[in-house]
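Line by line, the protein sequences are chains A and B. FYI, the numbering for the first sequence is 0 to 401, going by numbering that gives the first Met the number 0. FYI, the numbering for the second sequence is 0 to 401, going by numbering that gives the first Met the number 0.
Treat the hints loosely; a few may be bogus.
The list treats identical chains as interchangeable, and a pair is accepted whether it falls inside one copy or across any two copies.
Below, simulated PhoX-like cross-link-like pairs (lysine-lysine); rule was C-alpha separation at most 20 Å, straight line [unchecked claim]:
no. : residue 1 : residue 2
1   : K341      : K398
2   : K197      : K145
3   : K398      : K343
4   : K145      : K215
5   : K343      : K36
6   : K12       : K343
7   : K294      : K398
What the hints contain is simulated information worked out from the structure, not anything from laboratory work.
Protein chains: 2
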Amino acid sequence: MTDTHALIRDLRKENGSKIVLLVGDGLGGLPLAPGGKTELETAKTPNLDALAQRGTLGLSTPVLPGIAPGSGPGHLGLFGYDPLQFRIGRGVLEALGIDFALGPNDVAIRGNFCTIDAAGLITDRRAGRIGSDIGAKLCTKLDTIKIPGVEVFVRPVKEYRLVIVFRGEGLGGNVEDTDPQATGVAPLTAVARTDCSKKTAEIANEFLRQAREILKNDAPANFLTLRGIDKLPGIPTFQEVYGLRAGAIAVYPMYRGLARLVSMDVLDAGQTLSDQMARLEAAWNDYDFFFIHFKYTDSTGEDGNFAAKVQRTEELDSCIPRITALKPDVIIVTGDHSTPAKMKSHSWHPVPTLLAADTCRFDSSTEFGESACARGGLGHFEAKYLMMLAMAHAGRFDKYGA
Amino acid sequence: MTDTHALIRDLRKENGSKIVLLVGDGLGGLPLAPGGKTELETAKTPNLDALAQRGTLGLSTPVLPGIAPGSGPGHLGLFGYDPLQFRIGRGVLEALGIDFALGPNDVAIRGNFCTIDAAGLITDRRAGRIGSDIGAKLCTKLDTIKIPGVEVFVRPVKEYRLVIVFRGEGLGGNVEDTDPQATGVAPLTAVARTDCSKKTAEIANEFLRQAREILKNDAPANFLTLRGIDKLPGIPTFQEVYGLRAGAIAVYPMYRGLARLVSMDVLDAGQTLSDQMARLEAAWNDYDFFFIHFKYTDSTGEDGNFAAKVQRTEELDSCIPRITALKPDVIIVTGDHSTPAKMKSHSWHPVPTLLAADTCRFDSSTEFGESACARGGLGHFEAKYLMMLAMAHAGRFDKYGA
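Can you make the complete structure from the sequences, with help from the hints?
See below:
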């Protein structure tokens with residue numbers, strides 16, 4: 000496999016240009032019936048259409064054909080990190096999603112409260128789906144656990160879901176789940192897959208021993224299971240790879256976490272798209288690259304609400320003039336994956352992508368939509384190459400070879 | 000990584016068919032303004048348009064999305080050698096560019112005359128950009144240098160640029176540059192990066208010691224620095240890979256050198272496109288494959304002269320009837336990269352490509368241009384696969400697997 004990051008580091012240069020990557024989460028969609036229009040095609044998007052006319056369109060494949068990615072691999076691809084090479088464990092993603100600042104010595108774990116009976120067998124893997132308030136209280140109790148040689152952090156996520164972090168030297172991240180994925184059986188003991196994770200497994204088992212004692216009277220949440228035990232992946236920073244000072248403007252913690260994973264500066268994004276635009280304007284001189292994340296094209300798609308996704312797409316369109324007024328050298332509008340309302344889920348369909356720069360080859364597109372993108376001048380490409388196109392159009396690459 | 004060369008060797012067969020690869024250097028372009036036409040689209044190209052109607056179009060990516068290649072990697076890709084796998088050092092390319100016949104025991108070096116002061120510090124890295132006549136005289140003096148155990152060749156390139164070749168057994172090509180890339184400091188000593196290049200470094204330092212003495216009264220060119228020290232890459236010959244007897248018809252030394260790098264026969268190309276066509280006709284029965292190189296679509300692009308590039312493209316078009324009259328089984332017209340006049344440089348934009356053969360699937364193209372190619376039946380593909388398409392359309396591949 001070609002090490003594209005090494006190539007990028009060899010070729011990149013500094014020229015003061017600015018790149019904006021605007022991600023409409025789950026932007027791609029599907030028509031509700033054959034011959035119909037997608038959400039993006041249905042939406043009135045005069046500003047995106049104008050950009051399409053001076054830019055170039057294409058379809059990006061987040062991972063590989065047929066593969067629907069989660070938010071982690073979806074964004075890693077957009078940031079130019081091969082999502083099949085750089086994998087993010089479930090525990091790490093869960094910690095990023097609650098804005099927990101993970102460090103290199105941390106092992107992150109996704110916990111699930113569960114119900115066990117007198118014999119210690121699991122009767123409910125989700126503890127009767129307890130409310131978030133109860134979950135939070137129990138996490139506060141568990142956060143008092145002390146284990147010699149490590150710091151222990153326990154944080155609530157939502158309902159029966161929590162995050163546990165062990166912080167200490169010499170902790171490997173390669174430990175089996177303790178969730179047996181079944182009821183009527185006992186939770187598993189934590190088992191290390193490698194020698195250098197043995198200490199982590201021992202700590203996890205000590206944590207579970209103390210937790211069982213602490214939670215014994217808290218049925219239905221009288222125990223917990225551990226999943227996705229992992230450390231931060233060894234991942235080069237965005238600045239190391241591209242030489243770009245990058246600012247992330249994302250409202251949701253998960254996306255701030257993904258930006259932090261590649262060491263972008265995470266800026267205060269406020270609560271609305273308008274807040275985000277104000278932050279972009281205020282920080283314009285401080286960064287070379289801006290990642291702006293808009294969640295609601297995805298969440299409305301997940302809800303199966305076609306009309307709401309259309310409306311959120313129109314909202315996304317409305318912010319374009321504030322971006323173009325700043326005169327970025329390159330502006331890219333795309334998604335981390337498709338979330339068709341028809342499917343109520345992330346999908347594998349390639350993602351409509353628009354790149355506008357003075358060096359664009361005109362492709363006769365008059366509007367931004369899936370059909371236009373399928374015929375666009377960027378063709379069909381893997382999302383992991385998008386940043387290379389951005390760097391090229393920003394004039395930030397030297398020629399390869401003589 | 001799939002070894003496509005091994006696959007090609009397994010599947011190839013001989014059938015007496017003929018392939019012509021016509022390369023318009025830097026063929027791809029850009030419109031000067033959004034909505035405009037590129038150089039190729041502006042040019043009147045009735046012969047290429049007729050070929051497009053009976054052939055198939057596509058866009059080829061020379062290296063990877065966003066990467067603008069030099070002539071070396073651009074041509075290696077067209078010849079079916081992965082330009083990220085086979086890398087050509089600066090010294091090697093410079094030697095190829097002056098028609099120096101490099102052999103497997105040769106280490107080639109790009110030299111720059113420079114000016115040093117009484118303390119030995121560099122005051123001008125390009126020796127005041129001395130004229131080519133002065134550079135040539137100084138090279139004649141340096142060519143007298145004798146070093147036991149190796150042959151030394153010193154040849155002028157242009158102005159302050161020269162090529163040095165050490166020929167001998169056991170010379171590695173992995174030595175650091177001696178150009179410190181700065182003034183006010185002394186030139187560096189040649190340092191081997193590997194044990195098997197230590198002898199080369201010693202010879203380079205002895206060469207520099209003698210050169211300093213010879214040039215001491217020749218200010219501003221009173222010393223030189225060494226860059227891009229390298230040997231020929233270990234590269235299978237075109238005949239070994241494809242079983243094709245290949246003849247190269249290129250006017251410019253660099254492209255003759257690139258053809259020689261993969262062991263094509265380099266034919267006398269004369270000075271004009273008409274001379275090249277005459278050579279093609281004369282040599283038609285002697286080869287299975289012809290590489291014809293036309294430089295001026297690139298040089299006019301580099302000059303930023305849109306109109307001149309249009310005119311040169313029309314000149315390229317005018318040679319097509321003499322090629323088709325020979326009834327090649329496959330004719331390909333493409334470029335090694337794009338050189339938009341708007342950018343005055345090589346660019347990363349994918350390259351318009353036309354392949355005509357009796358086995359083409361019709362793609363409704365009526366003219367040869369970037370927009371038509373973006374919608375063409377060959378799709379967007381990596382240049383390194385072009386030769387496999389050529390072999391297939393020439394009927395020179397057996398089926399893979401049963």
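Verification of the hints:
1. Only between protomers do K341 and K398 lie at most 20 Å apart by alpha-carbon distance; the minimum there is 16 Å, versus 44 Å within a single protomer.
2. Taking the closest pair of Cα atoms, K197 and K145 come within 20 Å of each other only inside a single copy of the chain (19 Å); across copies the shortest separation is 58 Å, beyond that limit.
3. For the homomeric pair K398 and K343, the shortest alpha-carbon distance between copies (13 Å) is at most 20 Å, but the shortest distance inside one copy (44 Å) is not.
4. For a Cα distance limit of 20 Å, the shortest separation of K145 from K215 inside one copy, 18 Å, qualifies, whereas the shortest one across copies, 76 Å, does not.
5. Proximity of K343 and K36 under a CA criterion of 20 Å is satisfied intra-copy only: 17 Å inside one chain copy versus 41 Å between copies.
6. For the homomeric pair K12 and K343, the shortest alpha-carbon distance between copies (18 Å) is at most 20 Å, but the shortest distance inside one copy (42 Å) is not.
7. Taking the shortest alpha-carbon separations for K294 and K398, only the inter-copy value of 18 Å comes in at or below 20 Å, while the best intra-copy value is 37 Å.
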